[in-house]
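**Student:** Below are the chains, spelled out letter by letter.
There are 2 protein chains.
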Amino acid sequence: MRKGEQTRQEIIRKAAPIFNQRGYDGAALSDLMRATGLEKGGIYRHFSSKEALAAEAFDYAWRETLDARIHDLGTISNTVDRLKQLVANFVERRGTIPGGCPLLNTAIDTDDGNSVLRERARKALRGWRSYVVSIVSAGIEAREIQPRVDPKKLATLIISSLEGAIMLYRLERSAEALRAVQAHLDNYLETDVRVPSK
Amino acid sequence: MRKGEQTRQEIIRKAAPIFNQRGYDGAALSDLMRATGLEKGGIYRHFSSKEALAAEAFDYAWRETLDARIHDLGTISNTVDRLKQLVANFVERRGTIPGGCPLLNTAIDTDDGNSVLRERARKALRGWRSYVVSIVSAGIEAREIQPRVDPKKLATLIISSLEGAIMLYRLERSAEALRAVQAHLDNYLETDVRVPSK
Chain A
306 MRKGEQTRQE IIRKAAPIFN QRGYDGAALS DLMRATGLEK GGIYRHFSSK
356 EALAAEAFDY AWRETLDARI HDLGTISNTV DRLKQLVANF VERRGTIPGG
406 CPLLNTAIDT DDGNSVLRER ARKALRGWRS YVVSIVSAGI EAREIQPRVD
456 PKKLATLIIS SLEGAIMLYR LERSAEALRA VQAHLDNYLE TDVRVPSK
Chain B
306 MRKGEQTRQE IIRKAAPIFN QRGYDGAALS DLMRATGLEK GGIYRHFSSK
356 EALAAEAFDY AWRETLDARI HDLGTISNTV DRLKQLVANF VERRGTIPGG
406 CPLLNTAIDT DDGNSVLRER ARKALRGWRS YVVSIVSAGI EAREIQPRVD
456 PKKLATLIIS SLEGAIMLYR LERSAEALRA VQAHLDNYLE TDVRVPSK
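If you read the sequences in order, they're chains A and B.
For the first sequence, the positions run 306 to 503 when the numbering used here is used.
For the second sequence, the positions run 306 to 503 when the numbering used here is used.
If you're looking for bench data, these hints aren't it; they were derived computationally from the structure.
Warning: the hint list may mix true and false statements.
No distinction is drawn between identical chains; accordingly, a pair holds when it is met within one copy or between any pair of copies.
Using 30 Å as the maximum straight-line C-alpha spacing, the simulated DSS-like pairs for lysine-lysine come out as follows [stated by the list, open to error]:
1) K458 x K389
2) K308 x K345
3) K458 x K355
4) K308 x K457
5) K389 x K355
6) K389 x K308
7) K355 x K345
8) K457 x K355
9) K457 x K389
10) K389 x K345
11) K319 x K428
12) K389 x K319
13) K308 x K458
14) K319 x K458
15) K319 x K457
16) K457 x K345
For clarity, every value in this text was computed on a predicted model and none was experimentally measured.
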């Protein structure tokens with residue numbers, strides 16, 4: 306990797322927690338300068354604007370978060386068990402970027418403006434939902450999941466309830482809501498989604 | 306109401322959509338001045354700080370939102386039907402303050418700082434959850450709701466999944482996630498929560 310590209314990646318990595326914790330408007334240039342140890346010119350040599358840097362920082366933070374959520378799922382062959390582990394990962398591994406879920410943060414932060422960042426968040430949501438949909442569809446195909454289950458609706462339910470629980474978790478500093486949602490989803494996956502073994 | 310108090314309420318009402326749409330850091334003094342038609346001094350004669358104004362604006366926005374969500378619930382005597390109407394209100398009446406759910410917005414906006422606003426959001430969540438808990442507890446008492454249902458867990462599930470769906474709704478400008486969560490909760494309330502009639 307060229308030196309310039311290394312510096313660019315380093316700026317993204319150090320800016321990501323700041324944008325994730327403080328939001329787009331709250332992330333001041335002085336914070337970014339302190340975190341990166343660079344002057345304004347040193348940062349903006351690598352990015353055309355604050356928006357461009359925030360977009361790269363979001364993509365980085367989301368990749369890290371998604372990696373934690375889908376960690377090791379490939380090793381679980383049964384698709385219902387894989388969904389349950391996805392839920393468990395969400396509850397137990399909250400990623401390496403401080404400030405909560407980058408998707409939730411950026412969606413809320415940009416829903417009334419900032420179209421570049423908002424488009425990144427939309428893309429992240431689409432990608433994540435597609436990933437969950439693909440597990441459900443594979444499960445129906447393999448006769449592990451009831452054929453009447455709608456893959457997109459189930460994926461939407463899982464994502465909505467977990468993301469909402471993150472809000473309660475962040476506000477109350479207690480994992481109670483995450484645990485309640487996990488227990489509900491686990492039970493639902495066992496009783497309404499899984500094809501009972503004969 | 307005294308003139309000063311009238312002006313104060315007017316400022317709160319006009320500031321609420323700005324804070325709800327742009328967040329605390331994003332709400333600029335110039336926006337607040339434009340919305341209220343007042344100079345800086347005219348605004349801050351009535352509030353000790355931006356934080357104090359934001360706190361009052363949040364309380365106002367939340368009151369409006371909660372009013373829409375619990376609209377007419379008192380007229381429904383069966384508690385399971387009341388919970389289903391609460392969910393329907395959430396999906397169909399999104400309040401009069403533009404910018405999405407003030408609780409979700411403020412929780413996400415303040416979870417890494419701003420303790421005054423964060424405390425208001427915590428209080429709003431506690432109040433809303435207590436309201437749902439009281440419906441569930443009354444339903445258990447009246448033998449309309451299964452006694453094995455945990456009121457706080459059910460309230461947490463309803464709130465988490467609906468608030469998460471609001472995030473998807475705001476990001477995708479589609480009510481699909483809200484509808485998917487509503488269908489799931491309705492079915493769950495009918496099959497696992499309601500005491501079957503004899």
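**Student:** My question is about K457 and K389: at a cut-off of 30 Å on alpha-carbon distance, are they close within one copy, between copies, both, or neither?
**Tutor:** both (16 Å within a copy, 23 Å between copies)
**Student:** Checking K319 and K428: alpha-carbon separation at most 30 Å within a copy, between copies, both or neither?
**Tutor:** within (22 Å within a copy, 33 Å between copies)
**Student:** My question is about K308 and K345: at a cut-off of 30 Å on alpha-carbon distance, are they close within one copy, between copies, both, or neither?
**Tutor:** within (18 Å within a copy, 48 Å between copies)
**Student:** From the Cα coordinates, with 30 Å as the cut-off, is the pair K319 and K458 best called within, between, both, or neither?
**Tutor:** Cα proximity of K319 and K458: none, with 36 Å in one copy and 38 Å across.
**Student:** Which holds for K389 with K345 at a C-alpha limit of 30 Å: within a copy, between copies, both or neither?
**Tutor:** The answer is neither: 46 Å in one copy and 53 Å across copies each exceed 30 Å.
**Student:** Checking K458 and K389: alpha-carbon separation at most 30 Å within a copy, between copies, both or neither?
**Tutor:** Classified as both: same-chain Cα gap 16 Å, cross-chain 19 Å, threshold 30 Å.
**Student:** What label fits K457 with K345 when the C-alpha limit is 30 Å: within, between, both, or neither?
**Tutor:** Result: close neither inside a copy nor across copies, 44 Å intra and 49 Å inter.
**Student:** Under a CA distance limit of 30 Å, which applies to K389 and K319: within one copy, between copies, both, or neither?
**Tutor:** Cα proximity of K389 and K319: none, with 33 Å in one copy and 45 Å across.
**Student:** Can you tell me if K389 and K355 fall within 30 Å by alpha carbon in one copy, between copies, both or neither?
**Tutor:** neither (39 Å within a copy, 44 Å between copies)
**Student:** Within a copy, between copies, both or neither: which one fits K308 and K457 at a CA-CA cutoff of 30 Å?
**Tutor:** Answer is neither; intra-copy 43 Å and inter-copy 54 Å both fail.
**Student:** Taking 30 Å as the upper bound on the Cα-Cα distance, should K319 and K457 be classified as within, between, both, or neither?
**Tutor:** Classified as neither; 35 Å inside a copy, 39 Å across copies.
**Student:** Checking K458 and K355: alpha-carbon separation at most 30 Å within a copy, between copies, both or neither?
**Tutor:** Cα proximity of K458 and K355: none, with 36 Å in one copy and 42 Å across.
When held up to the earlier numbered hints, the structure conflicts with 3, 4, 5, 6, 8, 10, 12, 13, 14, 15 and 16 and fits the remainder.
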